[in-house]
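Residue numbers (this note's numbering), protein chains in the order written: chain A, 8 to 261; chain B, 78 to 271; chain C, 78 to 271.
Source of the hints: derived by calculation from the structure; they are not laboratory data.
Incorrect hints may appear among the rest.
[Said to hold, decoys possible] Reference listing, derived: stretches of chain A covered by chain B, where coverage requires no fewer than 3 residues with Cβ under 8 angstroms from a Cβ of chain B: (1) 124 to 136; (2) 158 to 169.
[Stated by the list, open to error] Output of the computed footprint for chain A on chain C, the stretches with three or more beta carbons under 8 angstroms from beta carbons of chain A: (3) 93 to 102; (4) 136 to 147; (5) 220 to 231.
[As the list claims (entries may be wrong)] Derived Cβ-Cβ restraints for the label pairs, each shown as a range: (6) A:A74 - C:R215: 29 to 39 angstroms; (7) C:P183 - B:V153: 40 to 50 angstroms; (8) C:D121 - B:G214: 46 to 56 angstroms; (9) B:V137 - C:R215: 44 to 54 angstroms; (10) B:V110 - C:I81: 32 to 42 angstroms.
We put the beta carbon where it would ideally sit given N, CA and C, even for glycine.
Letter by letter, the chains look like this.
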Amino acid sequence: MQYNVKIEAFEGPLDLLLHLINRLEIDIYDIPVAEITEQYLLYIHTMKELELNVASEFLVMAATLLAIKSKMLLPKHEEDLSEEYGFEEEEDPREELVERLIEYRKYKEAANEFKDLEHERSLIYTKPPSDLSEYAKEAQSDNADLNVSLYDMLGAFQKLMRRKKLQKPLSAKVARQEIPIEKRMGEIIELLKRTNSRKSLNELFPIRERNHMVVTFLALLELMKRQEVLVEQEGNFAEIYVTAQEGGAVDATD
Amino acid sequence: MQLINWKGILESILFAAGDGGLSIKQIAEVLEVEELKAQEIIEDLQEDYEKDENRGLMLVSMAGVYQLATKKEHAVYLKRLVETPGGSHLSQAALETLAIIAYRQPITRVEIEEIRGVKTERPLQTLAARALIKEVGRAEGAGRAYLYGTTREFLDYFGLKSLSELPPLPETLNDEDSGEEADLFFEKFQELDG
Amino acid sequence: MQLINWKGILESILFAAGDGGLSIKQIAEVLEVEELKAQEIIEDLQEDYEKDENRGLMLVSMAGVYQLATKKEHAVYLKRLVETPGGSHLSQAALETLAIIAYRQPITRVEIEEIRGVKTERPLQTLAARALIKEVGRAEGAGRAYLYGTTREFLDYFGLKSLSELPPLPETLNDEDSGEEADLFFEKFQELDG
Numbered sequence: 008m009q010y011n012v013k014i015e016a017f018e019g020p021l022d023l024l025l026h027l028i029n030r031l032e033i034d035i036y037d038i039p040v041a042e043i044t045e046q047y048l049l050y051i052h053t054m055k056e057l058e059l060n061v062a063s064e065f066l067v068m069a070a071t072l073l074a075i076k077s078k079m080l081l082p083k084h085e086e087d088l089s090e091e092y093g094f095e096e097e098e099d100p101r102e103e104l105v106e107r108l109i110e111y112r113k114y115k116e117a118a119n120e121f122k123d124l125e126h127e128r129s130l131i132y133t134k135p136p137s138d139l140s141e142y143a144k145e146a147q148s149d150n151a152d153l154n155v156s157l158y159d160m161l162g163a164f165q166k167l168m169r170r171k172k173l174q175k176p177l178s179a180k181v182a183r184q185e186i187p188i189e190k191r192m193g194e195i196i197e198l199l200k201r202t203n204s205r206k207s208l209n210e211l212f213p214i215r216e217r218n219h220m221v222v223t224f225l226a227l228l229e230l231m232k233r234q235e236v237l238v239e240q241e242g243n244f245a246e247i248y249v250t251a252q253e254g255g256a257v258d259a260t261d
Numbered sequence: 078m079q080l081i082n083w084k085g086i087l088e089s090i091l092f093a094a095g096d097g098g099l100s101i102k103q104i105a106e107v108l109e110v111e112e113l114k115a116q117e118i119i120e121d122l123q124e125d126y127e128k129d130e131n132r133g134l135m136l137v138s139m140a141g142v143y144q145l146a147t148k149k150e151h152a153v154y155l156k157r158l159v160e161t162p163g164g165s166h167l168s169q170a171a172l173e174t175l176a177i178i179a180y181r182q183p184i185t186r187v188e189i190e191e192i193r194g195v196k197t198e199r200p201l202q203t204l205a206a207r208a209l210i211k212e213v214g215r216a217e218g219a220g221r222a223y224l225y226g227t228t229r230e231f232l233d234y235f236g237l238k239s240l241s242e243l244p245p246l247p248e249t250l251n252d253e254d255s256g257e258e259a260d261l262f263f264e265k266f267q268e269l270d271g
Numbered sequence: 078m079q080l081i082n083w084k085g086i087l088e089s090i091l092f093a094a095g096d097g098g099l100s101i102k103q104i105a106e107v108l109e110v111e112e113l114k115a116q117e118i119i120e121d122l123q124e125d126y127e128k129d130e131n132r133g134l135m136l137v138s139m140a141g142v143y144q145l146a147t148k149k150e151h152a153v154y155l156k157r158l159v160e161t162p163g164g165s166h167l168s169q170a171a172l173e174t175l176a177i178i179a180y181r182q183p184i185t186r187v188e189i190e191e192i193r194g195v196k197t198e199r200p201l202q203t204l205a206a207r208a209l210i211k212e213v214g215r216a217e218g219a220g221r222a223y224l225y226g227t228t229r230e231f232l233d234y235f236g237l238k239s240l241s242e243l244p245p246l247p248e249t250l251n252d253e254d255s256g257e258e259a260d261l262f263f264e265k266f267q268e269l270d271g
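Given these sequences and hints, build the entire structure.
The following block contains the structure:
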């Protein structure tokens with residue numbers, strides 16, 4: 008499998024050719040076709056020996072190279088002939104291939120620059136938009152002004168996915184160090200008493216990390232069992248609220 | 078002379094942690110200092126924010142978690158921000174929410190909030206008001222929460238014949254997370270996608 | 078004397094907008110100032126962030142919007158917050174395809190394949206799924222093939238302000254040798270085989 012990965016380091020026949028040109032220190036404008044064809048075929052041969060799936064493009068290129076090679080071998084008199092007819096420059100059978108290689112090389116290098124940019128960008132972190140519902144009036148209902156596309160939606164989603172990775176703060180480390188339920192119970196009681204108000208269930212799960220959420224949930228169950236907190240819901244589907252019970256025994260300072 | 082700019086680093090990590098915030102323990106771990114030292118840095122930064130009127134943030138502590146928030150006196154500008162939707166685009170928050178609903182419907186608000194990591198009431202209101210989403214039923218179980226899905230208008234607006242025409246999501250996006258608890262969500266996506 | 082703490086207010090609203098960012102127009106509207114004045118405030122705040130090492134943030138302009146982000150030098154601390162630092166990078170095939178699209182847009186799949194010399198369906202799918210490219214129209218002529226172009230997310234992903242900020246297309250070859258390992262391997266194999 009490892010071999011497979013390495014051979015696939017070549018994006019295609021042009022990539023492989025560029026690599027050979029580089030390695031053999033060949034002038035791209037004056038490629039020794041016989042030599043490079045031989046090297047190229049050696050790679051293809053080896054890939055086949057390894058029973059790797061050689062993409063058809065590689066075979067097409069092999070045929071192209073062989074065709075160029077045979078054109079290059081055409082008898083010399085033809086060149087004389089063309090000179091007689093006044094052609095300044097005989098068309099080089101390699102020309103088209105060289106142009107393709109040079110064109111491809113530009114983008115291959117640009118891809119490397121993109122890779123650097125990608126890395127630079129990965130060093131900075133942004134934050135999700137804040138929830139501004141407390142500032143909101145009624146929402147707008149006309150879509151004529153909307154002016155967004157599916158791609159804007161997907162783009163927003165990509166941002167979210169990239170960001171998500173940061174929203175599991177230290178989950179590995181935290182997972183190894185157990186959060187004591189007792190401690191979390193203390194924190195919850197402390198919060199409820201300090202603010203002296205009821206809290207929605209949502210507010211009691213400030214850390215969106217599985218372990219912490221599970222511990223918080225268990226802590227709440229335990230507090231309910233011990234009648235330290237009162238849990239209420241006004242209607243069937245309404246928000247659930249938690250209030251501290253008077254005279255609870257859990258020490259808030261712990 | 079202080080060689081490490083603790084306050085700057087603390088500001089960075091609190092900023093990136095967003096509404097989730099960080100506990101003193103997490104802060105101490107990331108900064109690789111004792112909790113006592115972390116506490117000191119927190120208080121230093123808190124004081125900076127308070128003293129300097131050119132700063133728009135404050136450092137608050139809620140339920141044992143520290144997080145950055147905007148200063149109360151700037152509320153009027155935030156209100157204006159909400160009322161001035163970005164050149165009449167949907168907000169980033171609304172677009173995210175819409176994407177999650179589009180690909181994972183039917184889905185409850187709580188599930189959406191789990192994915193986004195922030196409260197999502199306002200984006201849901203906006204999307205419902207614009208008829209891009211609607212309540213499509215009720216979830217089973219305790220809360221019988223509303224389930225949201227996309228509407229015909231959603232398809233019309235984005236020029237889709239059906240939901241199956243939604244662009245596929247990337248398969249490789251989460252390769253690195255393999256075996257990690259977090260991405261049940263993504264597995265679900267791939268099932269849908271598959 | 079300055080009565081209104083513009084910088085603080087700007088910090089507040091940029092903080093709230095998060096990675097959605099704000100355009101100069103939105104900023105001017107919310108602050109109720111001229112765009113020129115808004116620009117000035119932006120630059121002031123930018124300078125504050127840069128000069129003060131005790132600040133962990135910077136004000137960047139990406140994909141046509143201003144947003145707050147953490148300073149690069151704090152990346153090492155932020156990485157500790159994440160379980161799998163780095164995230165999923167684009168493959169070489171995807172990067173090549175994207176480079177061709179970025180410089181040659183609008184462009185059809187066939188044209189891309191001519192340049193790369195290989196089939197490019199999969200990279201195109203990946204890029205579209207990651208919202209880095211989109212269909213921007215149809216080519217004239219027989220097949221009426223889709224034309225591809227880059228998106229706002231593309232600019233954001235690479236931290237570019239606009240397409241005009243793309244690095245110039247390279248013309249000269251560097252002596253990079255990415256396939257060295259493959260070579261060694263092939264040589265070994267040929268020895269064995271021969």
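Each hint tested on the structure:
| no. | hint | in the structure |
| --- | --- | --- |
| 1 | 124 to 136 | holds (count 5) |
| 2 | 158 to 169 | holds (count 9) |
| 3 | 93 to 102 | holds (count 5) |
| 4 | 136 to 147 | holds (count 5) |
| 5 | 220 to 231 | holds (count 3) |
| 6 | A:A74 - C:R215: 29 to 39 angstroms | holds, 35 angstroms |
| 7 | C:P183 - B:V153: 40 to 50 angstroms | holds, 44 angstroms |
| 8 | C:D121 - B:G214: 46 to 56 angstroms | holds, 52 angstroms |
| 9 | B:V137 - C:R215: 44 to 54 angstroms | holds, 53 angstroms |
| 10 | B:V110 - C:I81: 32 to 42 angstroms | holds, 37 angstroms |
When held up to the earlier numbered hints, the structure conflicts with none and fits them all.
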